[in-house]
Amino acid sequence: MDWEVVIGLEVHAQLNTTTKIFCGCPTAFGAEPNLHTCPVCLAMPGALPVLNGAAVDKAIALGLAIGAELNRHSIFARKNYFYPDLPKGYQISQYELPVVGKGALTVQLPDGGEKVVGVTRAHLEEDAGKSLHEAFIGQSGIDLNRAGTPLLEIVSEPDMRSSVEAVAYLKKLHTLVRYLDICDGNMQEGSFRCDANVSLRRPGAPYGTRAEIKNLNSFRFLEKAIEYEIVRQRDILESGGRIVQETRLYDANRDETRSMRGKEEANDYRYFPDPDLLPLVLDESRIERVRETLPELPDARRMRFMRQYALPAYDAGVLTAGRTLADYYEQVAVGVDGKLAANWVMGDLLGALNKAGVELEDCPVSAGKLRLLVQRIEDQTISGKIAKDIFDELFHRGGEVDAIIDSRGLRQITDVAAIAAMVDAIVTAHPQQAADFRAGKDKLLGFFVGQVMKASQGKANPDQVNAILLEHLQKG
Amino acid sequence: MAFDQDTVRRTAHLARIALPQTEIPAVADQLERIMGLVEELRAIETTDVPIMAHPLDLDQPLRPDTVVNQDQREVLMASAPAAEHGLFLVPKVIE
Numbered sequence: 000m001d002w003e004v005v006i007g008l009e010v011h012a013q014l015n016t017t018t019k020i021f022c023g024c025p026t027a028f029g030a031e032p033n034l035h036t037c038p039v040c041l042a043m044p045g046a047l048p049v050l051n052g053a054a055v056d057k058a059i060a061l062g063l064a065i066g067a068e069l070n071r072h073s074i075f076a077r078k079n080y081f082y083p084d085l086p087k088g089y090q091i092s093q094y095e096l097p098v099v100g101k102g103a104l105t106v107q108l109p110d111g112g113e114k115v116v117g118v119t120r121a122h123l124e125e126d127a128g129k130s131l132h133e134a135f136i137g138q139s140g141i142d143l144n145r146a147g148t149p150l151l152e153i154v155s156e157p158d159m160r161s162s163v164e165a166v167a168y169l170k171k172l173h174t175l176v177r178y179l180d181i182c183d184g185n186m187q188e189g190s191f192r193c194d195a196n197v198s199l200r201r202p203g204a205p206y207g208t209r210a211e212i213k214n215l216n217s218f219r220f221l222e223k224a225i226e227y228e229i230v231r232q233r234d235i236l237e238s239g240g241r242i243v244q245e246t247r248l249y250d251a252n253r254d255e256t257r258s259m260r261g262k263e264e265a266n267d268y269r270y271f272p273d274p275d276l277l278p279l280v281l282d283e284s285r286i287e288r289v290r291e292t293l294p295e296l297p298d299a300r301r302m303r304f305m306r307q308y309a310l311p312a313y314d315a316g317v318l319t320a321g322r323t324l325a326d327y328y329e330q331v332a333v334g335v336d337g338k339l340a341a342n343w344v345m346g347d348l349l350g351a352l353n354k355a356g357v358e359l360e361d362c363p364v365s366a367g368k369l370r371l372l373v374q375r376i377e378d379q380t381i382s383g384k385i386a387k388d389i390f391d392e393l394f395h396r397g398g399e400v401d402a403i404i405d406s407r408g409l410r411q412i413t414d415v416a417a418i419a420a421m422v423d424a425i426v427t428a429h430p431q432q433a434a435d436f437r438a439g440k441d442k443l444l445g446f447f448v449g450q451v452m453k454a455s456q457g458k459a460n461p462d463q464v465n466a467i468l469l470e471h472l473q474k475g
Numbered sequence: 000m001a002f003d004q005d006t007v008r009r010t011a012h013l014a015r016i017a018l019p020q021t022e023i024p025a026v027a028d029q030l031e032r033i034m035g036l037v038e039e040l041r042a043i044e045t046t047d048v049p050i051m052a053h054p055l056d057l058d059q060p061l062r063p064d065t066v067v068n069q070d071q072r073e074v075l076m077a078s079a080p081a082a083e084h085g086l087f088l089v090p091k092v093i094e
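Each protein sequence line maps, in turn, to chains A and Z. The first sequence begins at 0 in numbering that gives the first Met the number 0 and counts up one residue at a time. The second sequence begins at 0 in numbering that gives the first Met the number 0 and counts up one residue at a time.
These are calculated hints, taken from the structure and not from any lab test. Quantities reported herein were computed from a predicted structural model and do not represent experimental measurements. A portion of the hints provided could be inaccurate.
Said to hold, decoys possible - Within a straight-line C-alpha distance of at most 25 Å, the following computed PhoX-like cross-link-like pairs (lysine-lysine) qualify:
no.: 1; chain 1: Z; residue 1: K91; chain 2: A; residue 2: K171
no.: 2; chain 1: A; residue 1: K387; chain 2: A; residue 2: K338
no.: 3; chain 1: Z; residue 1: K91; chain 2: A; residue 2: K442
no.: 4; chain 1: Z; residue 1: K91; chain 2: A; residue 2: K129
no.: 5; chain 1: Z; residue 1: K91; chain 2: A; residue 2: K87
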């Protein structure tokens, strides 16, 4: 009998506010240690937290985007644990009444299907600082610049049934937070990270005991950690053992998860409402103000791309995965064939960026230049093949499309007489192949087309070459 | 409810309180009485009573997202028992 895997994700998205959640210290990454601190985020006696309105608005934006209930009344709570990078001895979080309630995210799967994943809740909380263990003997260094950075913890329902579904959900959420401009999505720097709850059960049976895998900071690690965990739990269950509810860490170097022993005893957070903070009340005008600033969301944009540019679902999905890419594509697609523009953006452009390790934001070929290049294919000034050479030059050396066409003499040959002359010369030079073609070896047409294109240095219009060749060979 | 000595020890550990063995029976007894009071409160029907998160009937004021804090690292760290290279130093912690 098979096992069914049950997965729920807890995602921590660092909100891209200018200041911390409860004080006016900057959140900028990479400053000297402890420069961005004040009595509030250092937990000096008597210092009081004051909530950042922008963090609230960003939480509202996520709630609206996933069709979630927004709790008009939510409560901040203290989550108590002891660690030196948490100066107060508790983290301010939300427990009983989070700001965002139940919602859902529709996720596109690699096989073309869709799945609706429930979101249980999303709550505001503060991040901890950083501990540095290496530099000091017998001591740890504490940097509290990150302490108090706003986080939105987004908790899913245990709705996912494979690592593929979990990755698709995480990718969709990653796309969404960047569209909403509430989180920069930088997974290397930890601004978007995830914990995975994984358990196995027999289909139809109640949920099994779960293990929580902490701090997965890439899509690939999420997938591999879940795959490892499935095998580990299956082996235990099939040999008659029991799964222990525990926290585990994924070690990417060894591709395995390991128990973080000793933590179980401490996992009693003794939540209680934080007396320093009053209840957060959302009024309708605030919610409406955020609603008005929402951009077109990925799902709506994907559907529009399919309709407006006549794109297949796959292309529309790739092009709307990031807001910058979707914006770039829309600039290329103005007045040209949508599918042709999509092929260029997804193929040549993304390929070149990937190969050069360059982000789209720093792309040397502007959307305007790529549009002109596509236009020159459409108006038959150049062939698609020549266009690839020009794109290469634009990408690596810069320049202007028309100037490159003129200076390198790349204009497509569409003059019937000129093509006919080349065709005549090629057919005359290959009498044997011409005879074979006429005797029924149709495949030889490709050979002749190749020869003519070569003679024209790729500049002859391929459709015309085909037509004129056929006419010439059949007549001959 | 039974507040035995093991529960007292565990609670003290979670709260990071050093509790001498000799004091445990007395603390167990006190906690037992406190829990008795909690049990009494629990018996009250509160299903339809909204959560009171704060005794004051006020809303949380919100702050504009602008930087107001200047670098005062030197002053703020002056009271730290140990600091080096701008970092607070604490006894080694490894997970």
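Cross-check of the supplied hints:
1. For the given pair, Z/K91 sits about 40 Å from A/K171 by alpha-carbon distance, which is inconsistent with the 25 Å threshold.
2. Between A/K387 and A/K338 the alpha-carbon distance is near 17 Å, which keeps this suggested pair within the 25 Å criterion.
3. Proximity of Z/K91 to A/K442 is assessed by CA-CA distance (about 76 Å); at most 25 Å being required, the pair is judged violated.
4. With a C-alpha separation of about 13 Å, the suggested pair Z/K91 and A/K129 falls inside the 25 Å cut-off, and the hint holds.
5. Taking the CA atoms of Z/K91 and A/K87, the gap is about 19 Å. The hint holds against a cut of 25 Å.
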